[in-house]
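*Asks:* Sequence:
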Amino acid sequence: MAQVHVMNHPLIVHKLSLMRDKYTGAKEFREAVEEMSSLLCYEATRDLPMKEVEIETPIAQSKVKVISGKKIALVAILRSGMEMAHGALDLIPNAKIGHIGMYRDPDTMQPVEYYCKLPTDIAHSEVFVLDPMLETGGTAIAAVQFLKNYGVQNIKIISILAVPDSIEAIQESHPDVDIYCAAIDDGLNAEGYIVPGLGDAGNRMYGTK
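Residues in the sequence shown are numbered consecutively from 1, following our numbering.
In case anyone wonders, no lab produced these hints; they're calculated from the structure.
Ideal Cβ placement from N, Cα and C applies to all residues, glycine included.
Each hint should be verified, as a subset may be incorrect.
Straight line, CA to CA, 16 Å or less: simulated EDC-like cross-link-like pairs of lysine to aspartate or glutamate [as the list claims (entries may be wrong)]:
1. Lys148 <-> Asp165
2. Lys70 <-> Asp47
3. Lys148 <-> Glu126
4. Lys148 <-> Asp176
5. Lys71 <-> Asp47
6. Lys70 <-> Asp121
7. Lys96 <-> Glu126
8. Lys96 <-> Asp121
So the derived label-pair ranges between C-beta atoms look like this [claimed, not checked]:
9. Lys70 <-> Asn149: 17 to 27 Å
10. Gly207 <-> His14: 21 to 31 Å
11. Lys117 <-> Asp90: 17 to 27 Å
12. Thr208 <-> Thr57: 50 to 60 Å
13. Gln3 <-> His124: 19 to 29 Å
14. Lys51 <-> Asp165: 37 to 47 Å
Kindly produce the complete structure, drawing on both the sequences and the hints.
*Replies:* Structure, rendered in structure tokens:
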């Protein structure tokens, strides 16, 4: 069964508190999303494979470890996943970027795909799906399945907030995909928003309604 990693580092907890505050403006909210994403990505890449190489320091020859050359791709769920990608790129500047455009139908609550652009070598990459809010989990489930259809085998989901039902749904559909998030909230309200949550992440990032 896939593992769920809830990151309780003080910096993550502090930035999440800023994001929850309804008085935090769009600029500050975007900055917090980027910073949060970088911190979450740091944890999600903890088990990247390493290899030993020999280098020359200013003093002597030395054997050191470097990342073994595994290809990394960040797949942002549009539109709010874009800011997460910016933060993750600060940490992994050589990562390739993919985009999957999906929205949640307000009547059925099911994901609807409208755009997809992925790196050509996506099947041979370790892929991190960036989706800030795991509400029903439907969008993340669909995105992961889409990637698997392209032959991707190594996938992790990085999110800011999740709820127990979305985690259960993802684990049932994709038991091989680990989830990294900042917090697990209580559940969803009648409108499908996470409670206590932080509102609509995309609207708060871009000042839209």
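*Asks:* Evaluate each hint against the coordinates.
*Replies:* To see whether the hints hold, each was checked on the structure:
At most 16 Å may separate the alpha-carbon atoms for a hinted pair to count; Lys148 and Asp165 exceed this at roughly 22 Å. At roughly 11 Å between alpha-carbon atoms, Lys70 and Asp47 fall within 16 Å of each other, so this suggested pair holds. Distance restraint check for Lys148 and Glu126: the Cα-Cα separation of roughly 12 Å lies within the 16 Å cut-off, and the hinted pair is therefore satisfied. For the hint linking Lys148 to Asp176, the alpha-carbon distance of about 11 Å falls within 16 Å, and the restraint holds.
Restraint check for Lys71 and Asp47: satisfied, since their Cα atoms lie roughly 14 Å apart, inside the 16 Å limit. Taking the CA atoms of Lys70 and Asp121, the gap is near 12 Å; set against the 16 Å cutoff, the hint holds. The suggested pairing of Lys96 with Glu126 holds, with an alpha-carbon distance near 10 Å, which does not exceed 16 Å. For a cut-off of 16 Å, the pair hint linking Lys96 to Asp121 stands: about 9 Å separates their Cα positions.
Between Lys70 and Asn149, the C-beta spacing of about 21 Å keeps the proposed range 17 to 27 Å intact. One distance hint, 21 to 31 Å for the beta-carbon pair Gly207 and His14, holds here, with the actual separation near 23 Å. A beta carbon spacing of about 22 Å between Lys117 and Asp90 agrees with the range 17 to 27 Å that was offered as a hint. Between Thr208 and Thr57, the C-beta spacing of about 51 Å keeps the proposed range 50 to 60 Å intact.
Restraint check, Gln3 to His124: a C-beta distance of roughly 23 Å satisfies the suggested window 19 to 29 Å. Our hint of 37 to 47 Å for Lys51 and Asp165 holds, since their Cβ atoms are close to 40 Å apart.
Checked against the numbered hints above, the structure violates only hint 1.
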